[in-house]
Structure formats: C-alpha cells, structure tokens
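Participant: The primary structure of each chain is shown beneath.
There are 2 protein chains.
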Amino acid sequence: ASQPHPFANFATTGKKIVCVGKNYRAHIAELAVIGLCEDEKPKVPVVFLKPTTSYSLNGQPLVFPTGIGEIQHELELGVVINTTCKNISEKDAMSVVAGYVLGIDVTARDVQLEAKRSGMPWTVSKGYDDFCPVSDFVAASDVTDPQSLELWLKINGADRQSGSTANMIWSVPQLIAYVSTIMTLEPGDLILTGTPEGVGPLVPGDTVSAGITGHTTMKFEIVAETK
Amino acid sequence: ASQPHPFANFATTGKKIVCVGKNYRAHIAELAVIGLCEDEKPKVPVVFLKPTTSYSLNGQPLVFPTGIGEIQHELELGVVINTTCKNISEKDAMSVVAGYVLGIDVTARDVQLEAKRSGMPWTVSKGYDDFCPVSDFVAASDVTDPQSLELWLKINGADRQSGSTANMIWSVPQLIAYVSTIMTLEPGDLILTGTPEGVGPLVPGDTVSAGITGHTTMKFEIVAETK
Ligand SMILES: [Mg+2]
Ligand SMILES: [Mg+2]
Ligand SMILES: [Mg+2]
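Line by line, the protein sequences are chains A and B.
For what it's worth, this note's numbering labels the leading residue of the first sequence as 1, then goes sequentially.
For what it's worth, this note's numbering labels the leading residue of the second sequence as 1, then goes sequentially.
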C-alpha cells in the first residue's frame, strides 16, 4: 500500500469547517417553499461555521440529539485546504486545494427555522456532535473537474438526494477566494460548498449511504443519543 | 521562571471559540435600543462560533477590514477548557476549567444587524481575522471566584467599557454545562461568556487597553487592512 495522503487526516488536524449556504438554485427554491428564505440568489455566498467536534468518519454511528424537531441531511462537496492563505485570488485558488470529501451538513431544521425567524445564530442547528459525517479523502490529483461531480445519497437503500456540482452558483475557486477575504484558511480546513435540492429527514434507525460517483462512498447508521 | 502553564498556549492548540450572546441584562437593553433584539432574557444562552484564525495575542496589531461599517468591541471573560467533555453537569463544570482570559468579541455591528434582519448566520460579522484579541492566560488556581471579576476597557486612555462578571445571566458553570449538551468541548477550547453594556466603535489608529482587575492587562493597536 502507498503512503497515506498528507491531508487524509484533515478531520483530526483541521481547525475549521466553513460551510456555504444557498449555493444551488433548486435548493433555494425548496427552502423558499417552507418559508426559510426568499427565492433569490444571495449577493455574496452565505457563510457559517460548524465545529470540528461535529465530524464523524465514514462508518461511525451518528448519535443524534432527540427532542429538537426534524434533523435533515444536506449532501455537499467538501474542499480540503492545503496551506495557510488569506485574500487568495480566484485564479490562484485551485492551488490551495489538497483534495475533496463528501460531507453531510446535518441540520436541525426546526431549530434553524426558529433561529432565522428570530435573527439568532445558526450555530446550534448546525453544530451538534456528529452533524458533519464525511467520506474518506479524495486527492485533488484524482479529480479532473470539481464542477462536474455527481453526488448521491440513499436512506435505507432508497434514493433521496442527488445533484451535480455543475449547478453550483459559486464555483469552488470562487468560494475559496471569497472565504479567504474574511478569514485566513489553514491546512486541513474544510469548506462545505452547499447542498443541491432534495434535503430531507434523518431518523434513528436509518442507514445513510452516499457517494461521489467514481470517487468514494460512505455509510452511516443513525442512533439516538441517550444521556 | 516557572514552567509555562499547560494551557497557556490555548490559542495555538485549541480548535474552537464558543461565544455566548446576551448574557448581561444591561447589554441586552442597549442592543434593544438600536433594534438589534427584544429587551428580554433569552430562554437559553445564545451560542455562536468564531474561528480560531480570529485570535490575536496580547500586543499584536489588530488588522481590521475596511468598508464594512462600524466595528465594535465586546469585552468578555473567556474560559479555557482543560479536557474533553460532553453533557457535563453544572455541578462538575468547574473541574473542566483550565483558566481564564480576557477577550474582545470584536463585532462588525452593521454586518451583524443586516444578518439578523435577514435571518442569516452571524459568522462573517464575528469571524474576521483579528476579531478575537485575547490576554495572557490566567490559571484557574489564581481566580477565587469567576463571578466576581471586574473587567475594564479603555480606548486611547479613556474609559469605554467596564462590568462585573457578577452580572452574568448564566454563570460560568451553567454556560459550560449548556454548551456541552450541544457539542463536545476539548482541551484548549475557549468559551467567551458575553459582554456587559458599553459596547462601542473601534477604528484604525485606536489603542485599546483592557484588563481583569488584579489579574491581567492587555493592549492592542488597531490598523486598517491594506489588500
Ligand atoms: Mg462521533
Ligand atoms: Mg448546507
Ligand atoms: Mg459577544
């Protein structure tokens, strides 16, 4: 076997997970239907953080809190950063990409809805332990074009979410450039690039499988937290 | 000289900064005046994250972005965590405190106001580089009672903010217990416990000094980012 990639352990070494919201038109439309936002493209990417304690590696059980309303999957391409950078240009942005992962931006949707209504932070709705399951690392050298990846997700074997990264509003280099105008990116940081349409509930007992076609698959079982 | 405290370098090793909003009644009242919230105690602590790239150590220049409206200081007691813990009880919470720091939860107030109005995340308003200047570490063993500390802040020598941690709505152990119901806390994590009243602008050219009476002082110069 070859040496592991230097960024294969990003989930252990990285310090931040920067998430992008509303980066696919069809997902914005489905949120608008339930009153979660206006059906329009934001002027700049919507950016928020998940703590690294929300990571779960492929195969680990996802232990979800109970009594907080609906918990949903958002299937997203993740970009792992390979160096410290600030104010990087869109033109140079691909040079700071170590590789990719598939991630689920797990979201306590009812908690988020209440936060949005009252102007409060999204952190709790996005930040529980196990709210960021991720696949194994895929090296950048194995991906010809990050804007032509097919993402898919099944629950208990049934198709539930799929999408192509071709439909992103802001591309991977545009997102890296934008985020780096606000905060320094560091080696091992992850940028989750937003979800296509088709978000839906995850409940204890579900088995979630997901993949990037041709690159990686992952599988998780949902269990309920017992305190 | 004695050995450095094992958590003196929390800003380098720690992975998250968990901030608490609206933890002093008089600060809630001053936010309500400018339409930023209702003048009432929240039902649970308001929790959000800053990235660790926002840390600045005592004495470093604070390089602030330009063109984003007013940038304000929020003077806060910080609590450094010494171990990995989840669902810790209020009764046991003080045992996971390594020590304390003084921190400024620097806030792009106009950006935050717009985020609140549109139900968007607070992350950008709180997450720029240098938006979390902190003092040197104060060991827990040097602090008799974290709820009787006097915090003060001056700009260019003039008194601008002061408060006593006696006026917190939720105490240090209550905050640790609450946050740990959502996310695992890890060694070196920082919890910023909210600001007393008296928040106000910071502009390039200002020198900010601040302290915890009897424990520590810190000093920072504000400069404008040039891209
Ligand atoms: Mg886990
Ligand atoms: Mg998402
Ligand atoms: Mg604050």
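Bear in mind the hints are in silico, worked out from the structure with no lab data behind them.
Careful, some of the hints might be misleading.
Because identical chains share one entry, a pair is satisfied inside a single copy or across any pair of copies.
What the hints assert, rightly or not - Here are the simulated lysine-lysine pairs, PhoX-like style, with alpha carbons at most 20 Å apart:
(1) K154 / K86
(2) K41 / K219
(3) K154 / K219
(4) K116 / K41
Participant: Now, for every hint given, state plainly whether the structure supports it.
Facilitator: Hints versus structure:
no., hint, result
1, K154 / K86, "neither (37 Å within a copy, 30 Å between copies)"
2, K41 / K219, "neither (32 Å within a copy, 42 Å between copies)"
3, K154 / K219, "within (9 Å within a copy, 54 Å between copies)"
4, K116 / K41, "both (17 Å within a copy, 18 Å between copies)"
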